[in-house]
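2 protein chains.
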Amino acid sequence: MLSFERSAALFARAARVIPGGIYGHTAPAATMPGRSPYYAQRAAGCRYWDVDGNEFIDFLCGYGVHLLGAQHPEVEEASARQARDGNAFNHPTALMVELAERLVGLVDFADWAVFAKNGADVTSWCLQVAREHTGRKKVLKIAGAYHGSHAWCAPGHGGWIDEDRVHIHGFPWNDLNAFHDLVRQHRGQIAAVITTAFHHPAFGASELPAPGFFAELEATCRREGIVLVLDDIRSGFRLDLGGSHRTYGFTPDLACYCKALGNGHPISAAVGRAELKRAAGHVFLTGSYWNSAVPMAAALKVLEIAQRDDAVGRIAQAGARFRAGFEEAAAKHGRALRFSGPDALPFVTFADDPDFFLAQRFCQAACARGVFLHPHHNWFLGAAHGEADIDQAVAAIDAALGALSD
Amino acid sequence: MLSFERSAALFARAARVIPGGIYGHTAPAATMPGRSPYYAQRAAGCRYWDVDGNEFIDFLCGYGVHLLGAQHPEVEEASARQARDGNAFNHPTALMVELAERLVGLVDFADWAVFAKNGADVTSWCLQVAREHTGRKKVLKIAGAYHGSHAWCAPGHGGWIDEDRVHIHGFPWNDLNAFHDLVRQHRGQIAAVITTAFHHPAFGASELPAPGFFAELEATCRREGIVLVLDDIRSGFRLDLGGSHRTYGFTPDLACYCKALGNGHPISAAVGRAELKRAAGHVFLTGSYWNSAVPMAAALKVLEIAQRDDAVGRIAQAGARFRAGFEEAAAKHGRALRFSGPDALPFVTFADDPDFFLAQRFCQAACARGVFLHPHHNWFLGAAHGEADIDQAVAAIDAALGALSD
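Those protein sequences? They're chains A and B, same order as listed.
According to my numbering, the first sequence is numbered sequentially starting from 1.
According to my numbering, the second sequence is numbered sequentially starting from 1.
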């Protein structure tokens with residue numbers, strides 16, 4: 001058994017001075033209470049070490065941020081070099097212009113780009129841009145989709161009021177009938193439709209777009225004058241270096257990126273079509289650190305390396321190998337489970353496991369064998385997951401599946 | 001004359017791919033179009049260099065972030081050391097616990113702390129905590145006060161809808177009658193009062209709290225069950241290392257910090273009383289980079305050095321010397337102007353200058369002489385402003401005031 005003694009001791013201290021001890025998406029209650037690390041020490045490539053010295057092959061990639069693997073030497077070199085000159089100034093640096101030019105060159109429909117820190121900074125701002133552009137209030141979103149911790153969409157927790165959501169209407173993923181019903185019901189009042197590139201709800205299998213789903217969303221938005229917003233925070237640059245809309249064959253008006261862009265350095269971005277540039281210029285957008293140079297130096301290097309090294313192709317290959325090995329191990333142990341989502345961001349759900357208790361037991365067993373998985377949040381692969389890492393992880397997962405029956 | 005040729009060339013490129021070229025609080029339109037740098041190159045201590053190689057003594061401090069001066073060697077050493085181990089992980093690091101303990105030890109009323117990236121992350125979240133705690137919707141704020149770029153309070157720009165502000169009610173700074181009117185009008189419905197420690201509106205002189213103002217706010221909040229939120233984003237740790245409420249003799253229930261905390265590294269924080277811990281645990285709070293280790297390593301070092309070196313005292317001294325020299329130069333040139341705000345975050349407005357044109361001309365003249373000031377946003381001093389720097393700046397300001405009459 002691994003020891004999580006230091007994690008537990010730190011958490012006991014934290015609980016006295018931090019509400020919940022650890023909050024948000026990294027809260028232990030959200031993973032495997034008592035059976036997983038609570039605090040990290042360091043990371044390198046596809047591995048990390050917790051404060052008890054336990055080593056894990058990481059299939060969360062820092063919840064998606066490590067596209068190229070943690071501590072990628074060239075990214076760290078570029079960011080450290082910029083850090084010697086400075087990070088936050090009274091003005092942006094030339095890096096902001098270069099990065100905007102790079103994104104406009106990379107994302108086919110993008111005519112402009114802006115930068116912030118968090119995913120929610122840009123998803124919320126894009127809805128404001130859509131409202132400014134259209135003069136309308138309503139927003140359609142996929143029911144159960146996460147677009148950040150802001151009041152208009154934070155998952156079922158406290159602190160939001162009815163007014164935060166009175167103009168937010170949800171429809172089920174892939175349900176075009178429900179979508180068209182909402183469009184009819186609120187015709188002329190809908191500013192935006194916001195969607196992820198595939199559906200990756202918490203506590204549920206991931207779902208890819210059905211054939212024609214995005215084509216119909218896009219055609220309807222064009223016809224009705226609705227702004228189509230792609231929340232590509234999780235999947236952006238992991239499925240296609242030109243943005244995940246290319247994977248699924250549609251074209252949004254605005255798109256949001258974050259996770260993979262900085263390989264661990266804090267940056268998010270929104271890009272958009274020329275038609276929306278005027279409205280974008282009229283919606284206030286700022287934060288103390290949104291012009292910061294270090295994450296922009298990192299992002300430029302990330303995009304350069306991802307292209308040079310075909311990160312997307314390598315991640316897809318690693319993901320396919322992982323899935324094949326995982327499914328083979330599951331078959332061997334007679335476990336009915338479902339691999340869902342694209343190979344680069346896979347997720348596994350077990351049959352007859354409505355409360356995710358089996359998933360939690362399985363993830364605990366994998367964790368005890370040095371593989372970090374999440375029982376109810378999609379996983380992430382990165383370009384640092386080599387064949388040997390995948391094979392080692394699959395062997396541990398094989399053993400973990402075996403131990404489930406003990 | 002200084003040349004801003006490279007800034008102008010970069011801005012021309014930027015305008016093609018970024019709405020407005022530069023957006024938000026660092027937009028050139030907000031300072032001195034054509035007569036000031038648009039892009040920074042590097043910074044050190046109280047000085048920075050723009051992309052044209054011009055050197056400035058910085059009285060904005062990166063809009064407040066450089067408490068100890070840019071690129072403070074010990075802060076940079078601590079952050080670079082953490083950067084070698086990693087920044088964003090699947091979990092927080094021990095630094096988050098240490099930093100929460102440090103803030104709870106430092107801020108007298110604080111029983112707990114949480115961390116985010118931007119000021120608005122925590123000001124908006126504190127209002128949610130107040131709503132969760134009280135079960136009420138309404139928020140009172142000072143008219144014209146800035147609490148971040150979120151829709152409920154972004155300054156007069158597009159993209160927000162009536163519903164974002166239907167429960168936000170403003171009253172003039174220091175106007176207790178207007179405050180009491182609102183409290184009477186909305187009795188039992190007010191979740192929070194949010195205020196800065198002194199009033200620092202854009203396009204206006206700063207205003208200190210009138211005697212009794214905060215005492216009355218606090219007493220009323222206690223009596224009415226309203227949560228008192230201090231937005232200490234700009235002034236926190238610059239007026240008192242225990243928080244700016246100590247400077248003005250009151251005690252909030254929640255307080256927000258950002259700017260000075262990381263000395264250029266991206267971090268914000270909220271702290272609160274024990275009574276609010278339960279509600280705080282129920283309001284979702286998360287972001288991809290909010291647990292990141294590097295800014296927490298920086299913040300711990302910033303607080304250590306600020307205490308050891310009496311940063312607050314040094315900043316106050318530098319600010320007093322700056323003010324004395326400035327006022328003497330103004331008298332010499334027969335310029336009627338008003339120094340407002342605390343010496344650590346001063347601001348200067350000219351008499352008979354309702355459109356701030358004279359302020360802009362003056363700031364341009366100072367900029368041409370190597371001193372960066374802002375015509376309509378409060379200034380910031382830091383612990384790196386030495387006597388020689390202040391004297392050099394005052395001499396340049398003297399010349400700039402003289403040139404105004406030419």
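Mixed in with the good hints, there may be bad ones.
Said to hold, decoys possible - A short list of chain A residues far from chain B (calculated; beta carbon distances all over 12 Å):
1. M1
2. S3
3. A14
4. A120
5. R131
6. D162
7. A178
8. P211
9. G242
10. R338
11. T349
12. F372
Stated by the list, open to error - SDA-like mimics (lysine to any residue), calculated; alpha carbons at most 20 Å apart, straight line:
13. B:K277 x B:R13
14. A:K277 x B:A27
15. B:K277 x A:K277
16. B:K137 x A:R165
17. B:K332 x B:R361
18. B:K137 x B:R361
19. B:K137 x A:I168
20. B:K277 x A:A12
21. B:K332 x B:K277
22. B:K277 x A:V394
23. A:K277 x B:R13
24. A:K332 x A:K277
Rather than coming from a laboratory, the hints here were simulated on the basis of the structure.
No residue lacks a Cβ here, since even glycine has one placed at the ideal position from N, Cα and C.
So which hints don't hold here, by number, going up? 3, 4, 5, 6, 12, 13, 15, 18, 21, 22, 24
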